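I would like the entire structure built from these sequences, with the hints used as guidance.
Protein chains in written order, with my numbering: chain A, 1 to 290; chain B, 1 to 290.
Calculated from the structure, these hints are not laboratory results.
All of these numbers come straight from a predicted model, not from anything done at the bench.
Cβ coordinates follow ideal geometry from the N, Cα and C atoms, glycine included.
Careful, some of the hints might be misleading.
What the hints assert, rightly or not - Quick look at which bits of chain B chain A covers, simulated, 3 or more residues with Cβ under 8 Å:
#1 4-10
#2 91-101
#3 108-120
What the hints assert, rightly or not - If the Cβ cut is set under 7 Å, some of the chain A residues that face chain B in the computed set are:
#4 G116
#5 L117
#6 A118
There are 2 protein chains.
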Amino acid sequence: VGDDCALLRPDAGLDLAVTTDMLVEGRHFLPDAEPRALGHKALAVNLSDLAAMGATPRWVTLALALPAIDAPWLEAFSAGLFALAARYNVDLVGGDTTRGAVRTISITAIGEVPPGLALERAGARPGDDVWVSGELGGAALGLVRPEIAEAAKRLHLPEPRVELGERLRRLAHAAIDVSDGLAGDLAHILERSNVGASVEYARIPKCAAFAKLGDPELEKNCVLSGGDDYELVFTAPRAHRPELESLARELGLALTRIGEIHGGTPQLAVLDAQGKPLAHRGGFDHFART
Amino acid sequence: VGDDCALLRPDAGLDLAVTTDMLVEGRHFLPDAEPRALGHKALAVNLSDLAAMGATPRWVTLALALPAIDAPWLEAFSAGLFALAARYNVDLVGGDTTRGAVRTISITAIGEVPPGLALERAGARPGDDVWVSGELGGAALGLVRPEIAEAAKRLHLPEPRVELGERLRRLAHAAIDVSDGLAGDLAHILERSNVGASVEYARIPKCAAFAKLGDPELEKNCVLSGGDDYELVFTAPRAHRPELESLARELGLALTRIGEIHGGTPQLAVLDAQGKPLAHRGGFDHFART
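So this is what it looks like as structure tokens:
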């Protein structure tokens with residue numbers, strides 16, 4: 001503080017994982033977004049990227065453009081960001097606040113990971129199980145049905161799966177976080193690993209609110225193509241099933257096997273209860289266009 | 001590339017210096033700013049912050065908001081940024097491009113510096129000489145007299161003093177880059193070090209264009225209170241004069257002694273040719289208000 005730069009001392013012998021993200025008002029959040037939740041989410045999406053690499057978050061920089069000095073907004077935003085940062089011992093090491101007509105938030109997060117143990121998208125192998133943490137579809141449901149509190153919370157206060165990412169370093173072959181939707185994000189693993197996958201729709205853990213809605217098409221769109229859940233999708237060898245099941249109990253976080261990786265073209269088949277391929281809209285981009 | 005984060009391997013045993021900066025169209029640059037120069041300057045201001053700490057630049061992340069995909073603009077911007085990055089072996093390790101109504105550029109730069117050798121603002125001691133690199137006032141002159149090519153170049157294509165910063169690690173006690181004007185930036189050193197300073201106006205190296213203009217008031221405002229020169233101001237013990245003079249020759253960069261640090265209140269006196277204090281407007285913020 002007070003110098004041109006912050007000085008950090010990384011742990012000797014670790015690699016650094018770095019991710020950066022920009023959120024713009026009107027595109028990534030609404031002008032009336034609750035600032036405390038926004039501060040949480042702006043950091044959460046970056047911590048989620050680190051988790052998907054198996055990295056332990058350490059430091060973060062924040063650049064903000066604001067139309068005017070709005071002290072209550074800034075205090076609430078900072079409180080949300082710092083509360084999440086404190087939970088994971090993440091230090092804010094640099095900041096720049098400037099004036100700009102459109103509220104804009106840019107965060108760079110830096111984490112540490114032992115050399116060779118980072119989880120990459122290219123590591124999936126035929127025979128791997130496909131796993132997902134938590135439940136899917138809630139954040140997308142929160143967009144269209146904001147009155148459902150459980151879904152709105154998933155949208156506005158996502159939990160980055162930091163501990164899970166760290167523990168998967170020696171258990172998973174490949175991982176990604178669900179930011180654009182299960183179908184689209186899993187497709188990134190398949191393309192980078194040059195493998196195919198089949199997933200059973202019935203086995204995908206879904207936000208509990210869907211059970212009461214009785215709208216299977218909405219459910220399917222949210223679960224397969226909805227973004228912003230920030231759960232981890234990962235592949236792991238069958239031999240690690242017992243360890244992953246005990247890890248789920250230890251973390252108090254559901255880890256569910258939803259399918260498997262196979263050789264062949266990098267395509268995802270989502271199968272219905274009869275084992276037939278289910279039509280779906282792909283990742284978030286496609287959903288947004290309909 | 002292709003994963004959630006970039007992986008870096010820092011050199012063992014070095015500290016990291018991190019700085020972040022956000023530039024907003026209409027505030028930090030004009031809508032018709034030449035994009036190649038803008039790409040250069042956006043990176044240069046961050047490399048200058050690293051240089052002021054004595055850090056060697058290594059990695060940079062870039063987040064961009066753009067109103068529309070404008071391929072020629074983006075290509076020229078990137079060309080300017082990458083050309084400067086290549087000169088200093090800086091790798092772009094993360095990026096996020098998103099849509100936003102106002103062009104916004106956020107850069108985080110990471111450098112390395114041996115532990116204990118970072119140049120901080122708090123290190124100035126009574127008896128130190130005050131030095132400045134290059135010439136001052138050119139960038140501010142370029143703002144008001146854009147037709148003077150030499151001055152416009154100083155404004156739009158500043159040179160971060162990377163090698164100088166590295167070489168000052170063992171020679172200087174304190175350093176800062178001139179981003180807000182000599183008077184304001186040197187005042188930061190004085191406040192943090194709790195020392196005073198006197199500077200002789202006649203000894204300050206000035207952009208050569210002032211000699212032809214014959215406007216001493218404009219010159220004084222630009223030289224003392226103009227920002228954006230990105231030269232380094234630093235303090236060093238008298239015993240290092242010979243080394244600093246030979247460093248200037250080696251780097252082909254003027255290093256000029258302009259005054260000295262003394263004990264007492266953290267105030268800056270700028271003295272005229274008769275040794276009398278010269279009234280001045282302080283740093284850039286004050287200048288902007290007049």
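- Message: If you test the structure against every hint from before, which numbers come out violated?
- Response: Hints 4 and 5 are the ones this structure does not satisfy, whereas the remaining hints hold.
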